[in-house]
Structures are given as structure tokens and as C-alpha cells.
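Undergrad: What follows is each chain in one-letter form.
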Amino acid sequence: MSDYMDGNMLGGTLGELFTMDVTAATITCVSCGASWAIAETHVYPHAPGMVARCPTCEEVLLRLVRGPGRAWLDLRGVTSLQVAVPGG
Amino acid sequence: MAAVRDETATARTIVLDVPQWPGHLAGQHVDVRLTAADGYSTERSYSIASAPADGEADPPVVELTVQRLPDGEVSPYLTQTLAVGYPLELRGPVGGWFVWDPDGPASTRPVLLVAGGSGVVPLMAMIRERAAAGSRAPFKLIYSVRDPGTLLYADELARREQAGDGLEVTYVYTRTAPPGSSQPTGRINTATLASAGWPPDRSPAVFVCGPTGFVEAVANLLVRAGHGAGGIKTERFGPSGGKP
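Sequence lines, in order, name chains A and B. Take 1 as the starting number for the first sequence in my numbering and just add one per residue. Take 1 as the starting number for the second sequence in my numbering and just add one per residue.
Hints in this document: simulated from the structure, not taken from any laboratory. Remember, it's a predicted structure, so these values are computed and weren't measured experimentally. Using N, Cα and C, we set each Cβ at its ideal position, and we do this for glycine too. Among the hints, a few may not be true.
Unchecked claim - Restraint ranges, calculated between C-beta atoms of paired labels, are given here:
(1) B:A225 <-> A:P68: 45 to 51 Å
(2) A:C57 <-> B:A132: 37 to 43 Å
(3) B:D58 <-> A:M20: 23 to 29 Å
(4) A:P48 <-> B:A225: 19 to 25 Å
(5) A:W72 <-> B:A3: 36 to 42 Å
(6) A:P86 <-> B:R33: 24 to 30 Å
(7) A:G67 <-> B:Q20: 36 to 42 Å
As the list claims (entries may be wrong) - Sample of chain A residues lacking proximity to chain B, with all beta carbon distances greater than 10 Å (derived):
(8) Y4
(9) L17
(10) S31
(11) G33
(12) A39
(13) P48
(14) E59
(15) G69
(16) D74
(17) R76
(18) L81
(19) Q82
Just chain B, with the same shape it has in the complex (with noise of 0.2 Å):
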């Protein structure tokens, strides 16, 4: 581990520098493997946070952002225990199926993104590849969470979106709202979708990652508006062995 960053009270970035780092798409992950000292050995799959540019650095930068999970056996670990200098072991890049390539087939389709929580990993991944390789591919994002305070990579969104180069964030808010906002908190529906969404006639390419609840929530919803479900990617992860 080169360097840790502290996302919220419950999530880190966790900067890994990977000697001979094949490369990898945005979206993929990585399976981390922790082995105690009576041989006790334990995986768990984390989403690739950063743009597969940086994978392709010397030396190459491969970033994860792990969210602490109360009951985790492997979260706390690696959100409070690993410290700088320490090796970790990894299996990777993983998965050829939720990705999104700049330079693939379908480079040029509008894109929209639907985070719930830090499902939001690997669609940042894909943010930062469309900047790192100057793709003009207009993307939307969709982003729920519970409160402002579980907000990942809320100040590089800021900015981001601000370089007005095409992207466009639009948050959710299930519990509470900023304070001073007038937006109703609730969890993503039909009209979310429709106003900070692509129409079905623009084709876009959608990529929705989140708890299973969330995936099926929101894919049924796509489906229902128009969308053709062949061109819905999801990611789903769970209380175990899940990513991010």
C-alpha cells in the first residue's frame, strides 16, 4: 500500500502500487485475498476506483475505495489496520462484462450511470477513464445515498461536472438532505429517471451498480420507461463477499 485517503468516517481510498499491473477497463475489480498467521484465508471482491491511466503510470497506481462494513471481516481490516507499506495480495483485474472502454465499439453512445451507495466505485472509475482519455461521450450520473455525509468523491464530482465538458451529476438522497436544501429525500423513481436520465430513443449505454435491492429496483424501473434491457449492465453486491 503507497498511500491511504480517508473518503467519509466509514470509507478510505486505499493507493496500491502494483509492479508489473497488466492494465485494466473501467469497472473491472480485483479479489483480495487476507491469510492470518494459522493459515486462515479469506477473499472478498473490491471495485477498481481509479481510471485504467493510472495503471498505466510508473510505478502503476491501482486505487480501491473499501467501505467499512460494521460486521466485515475484511473491511475493517483494510479501512483501519493496513497502514502504508504493508503488501496485500490481489487477483486482478477481474470481469470483462461491466465495463466501459473509450475506445470500444459503443465509445461514442451516450452513458448513464445509477449509483446506490459506494456502488459508485466502479462508475468512477469509468468518469475518470472518459476525462484521462479526452472522450467526449456524454455521461449522466445518478447517484443515491443516505445522507451528504456518505457521499464519495463529493468534491471531484463538483468538480468535475463544473468543467462542463459533459458531465452531469444529480444526487438522490434517501434519508436526510443537505441542510438548506429544498429537495425531498426519497429513493430513485420514474421522474428521477426521466429528468436526470437519457431518453430510451437515445440508446444510451447504462451501467447501474448498488446493494441487489437497488439493482432490481432500478433496472425494472429502466425497463418499464423504454429502456432495452440488453443495454443495462449491473452490478450487484451484498453484505458478504460483495463490492465494492
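So here's chain A without its partners, still in its complex pose (with noise of 0.2 Å):
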């Protein structure tokens, strides 16, 4: 059994930190290269915070950690982040 599920849950953390949604943003994976919406991310909620790894080769991309009053936001597995930014 399965026992990740995917990025489209980290929407309502990351929204705090950003001012735009960012799960439907491209990242691309430092270890192997390969390029997937933040949505699409396998996520694993079960560490103490969420922990998103690359569905291509399953490296750790990011880890997000909502505390009280602070959240940590580790992008140690993503080279970018492409954002489709409205009106150009």
C-alpha cells in the first residue's frame, strides 16, 4: 500500500508563505533533473511536518514544517521554482 499522498496538500502551508499559489509552480529536482508541479510531488505527512520527494526518482525535494507562530520551508532537492506570474 501506498502511503504517500501529493503536493496539492501542501497548498494551504505554502500559501502562507507566499502570495500566490504556488502548487500548480514548477520545480525541478536537483538530483535527477526531471521537472513537476509542486501539486504532483509524492508527500509523505507522516514525518513531523510534510516531506515531498520526486516521482521520478524519490530524492527528497522539500520539507515544510508548520510549528507555532513559524513555519520552515527547506528546499534542499529543488534547483528552481517557475511561477506563472498573471499579466506577464
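Using the hints, put the two standalone chains together into the complex.
TA: In C-alpha cells:
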């Protein structure tokens, strides 16, 4: 049984950090170079915080922890974040 | 909470009156936070079942359909304890990827929706939005459930399909088919997708929502049948913290 979910579930907490929705943004994996929407990443929510892994190589892309009054975003496995900006 | 509607023996639709609702897109979800008297708090995501048009009404209405999980921490409260008039803490709408927009650039493309169990909830918002917006995009829904008793929105889907304006629904029963049905039980397979879906050359927009194993299986079948991975959007939920 697969015990992961996906990056759609990161939207609420990421929305507290970014001014726009970034679950539709494209990220590129440091390890294998594959590009995925954040929504498509495999998310393991059982750790303290949420760990998003690359659907291609399963390396860690990012970790997101939300504590009282504080959030940590660790983007260790991401080379770039490409966001569509409305209005050009 | 403004009203409540039982959908099945274990699922309930919660109708929320949300002041200053900023509007949503079909497919988005909200995060619901419950806080106990001792300060312990926990959060779950639930897909929005209602059409964006309902969120633009006065007062704005947002509906969630919650499936009760036997060992759940949040869903038993939402489906059994929460009563009309109780307040609920929401964050959202959340998510901009698993969405269908009748005014978007691909709005006339055929759409294939594939639901596993309560994964039908965000897809129902798309079906409702299609009707509310008067969209003519042809929609097909393949809806897999364990047995007829777990079907959500059965009457409404039948009514919308009978309207004959471009929505087709195919049910797949994994364990028990309706009484008198000659339909064999089983999982969605290549033949189901070929007969009840769109051929790849129609380049449909595909939305698949259900438990992780279901989503992986269906997405793999679609890619093997020749659908481009770029046209397939998926949303998974699991036993904890998941949607819907």
C-alpha cells in the first residue's frame, strides 16, 4: 500500500508563505533533473512536517514544517521554482 | 454551519455560510482546523463540493462532503457532532493545479473525470460548475465505488445525465453491483477507459481523484493507452490528513 499523498496538500501552508498559489508552480529536482508541478510531488505527511519527494527518483525535494507562529521551508532538493505570473 | 445533508450511511454534506468568501475554482479544497478546549489543534483538507457560482451567492455558500473514517480524528466530529449553527475554522480556497475553469484557455476541451470512492467530491464541483456556467465542454465521469450504498450524489448525477447536455456517467462497482444488474464487478481497466473515456486523439483534460493506489493505477493505464502525462491531473488522499 502506497503511504504517500501529493503536493496538492501543501497548498494551505505554502499559501501562508507565498503571495500566490505555488502548488501549480514547476520545480526541478536537484538529483535527477526532472520537472514536476509541486502538486504532483509525492508527499509523506507522517514525519514531523511534510516531506515532498520527486515522483521520478524519490529523492527529497522539499520539507515543510509548520509550528506555532513559525514555518520552516527546506528546499534542499529543488534547483528552481518556476511560477506563472499573471499579467506577464 | 448552515445546513447538513446525509449523502450515504457514512458521508455527509456540510453546508457552510462563509462570510467574505473570496470565491473558488472547481477542484480546490479548504483546510479545516479543529481546536480542542485544551488548545490541541489539528487540521485536515476537504475538497469543496459546491460550484463556484454558489460561493458568489448572497450569502456565499460553500459545501464540503465528508466521508467518515472509522478511526478518523476529524471526520467523526464533522459528520456526527457538528450541528447547524456551530462555527468552523477554515483556510482557503487552497490549490491552483487540480482545477477546472469554464473560462480557462482549455475550456472547450473534452473532460474525463475518474473518481475512486469519495474522490468524486472535487469532480462533482467541476460537474456542477459546468452546468452553472452553461459550459458545453463534453464531460465523461467514470466513478468507481465498492457498492451502490456508497455512491455519493447518485440522484443528482442521474438527473444531470438525463438532461442530455453532454455529461455521461459510467459506474464501476468493485465489490457489489446494484441488484438486478448484469454488470460484472471489478476495477477500472483498459477496456473501461476505452469504452467510457475519450480516445487520446481528442486530447481530453483528465482529472483523477481517489486513494493513492487507485490514482496510480488509473494514471498508469491512461498513459499506457496513449494519453499524454501532461494532460492528466491527479489528486490523492490517504487515511490521515487527506482529501476529501
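Undergrad: Each hint: holds or not?
TA: Structure-based check of all given hints:
Between B:A225 and A:P68 the C-beta distance comes to about 48 Å, which sits within the given range of 45 to 51 Å. Remark: the range hint 37 to 43 Å for A:C57 to B:A132 is upheld by a beta-carbon distance near 42 Å. One distance hint, 23 to 29 Å for the beta-carbon pair B:D58 and A:M20, holds here, with the actual separation near 27 Å. Between A:P48 and B:A225 the beta carbons are some 40 Å apart, a value that contradicts the proposed interval 19 to 25 Å.
Here the CB-CB span from A:W72 to B:A3 is close to 39 Å, well matched to the stated 36 to 42 Å. A hinted range of 24 to 30 Å holds for the C-beta pair A:P86 and B:R33, which are about 29 Å apart. A hinted range of 36 to 42 Å is violated for the C-beta pair A:G67 and B:Q20, which are about 28 Å apart. Under the 10 Å C-beta cut-off, the non-interface status given to A:Y4 relative to chain B is violated; the minimum distance is some 6 Å.
No Cβ of chain B approaches the Cβ of A:L17 within 10 Å, the least distance being about 13 Å, so the stated non-interface status holds. Look at A:S31: its CB is around 20 Å from the nearest CB on chain B, clear of 10 Å, so calling it non-interface holds up. At roughly 16 Å, the least C-beta separation between A:G33 and chain B is larger than 10 Å, which holds for a residue marked as non-interface. Residue placement check: A:A39 does not keep its beta carbon more than 10 Å from all beta carbons of chain B (closest about 4 Å).
The claim that A:P48 lies off the interface holds: its Cβ sits roughly 13 Å from the closest Cβ of chain B, which is beyond the 10 Å cut-off. Chain B leaves A:E59 outside its interface by the beta-carbon criterion, the shortest separation being 19 Å against a cut-off of 10 Å. With a minimum CB-CB distance of about 13 Å to chain B, A:G69 clears the 10 Å threshold, and the non-interface call stands. No beta-carbon of chain B comes within 10 Å of the beta-carbon of A:D74; the shortest separation is about 19 Å.
The beta carbon of A:R76 is kept farther than 10 Å from every beta carbon of chain B, the shortest such distance being approximately 22 Å. For A:L81, the shortest C-beta to C-beta distance to chain B comes to about 14 Å, beyond the 10 Å cut-off, and the non-interface label holds. Taking the minimum C-beta to C-beta distance to chain B, about 13 Å, the non-interface status of A:Q82 holds against the 10 Å cut.
Comparing the model with each numbered hint stated earlier shows that hints 4, 7, 8, 12 do not hold.
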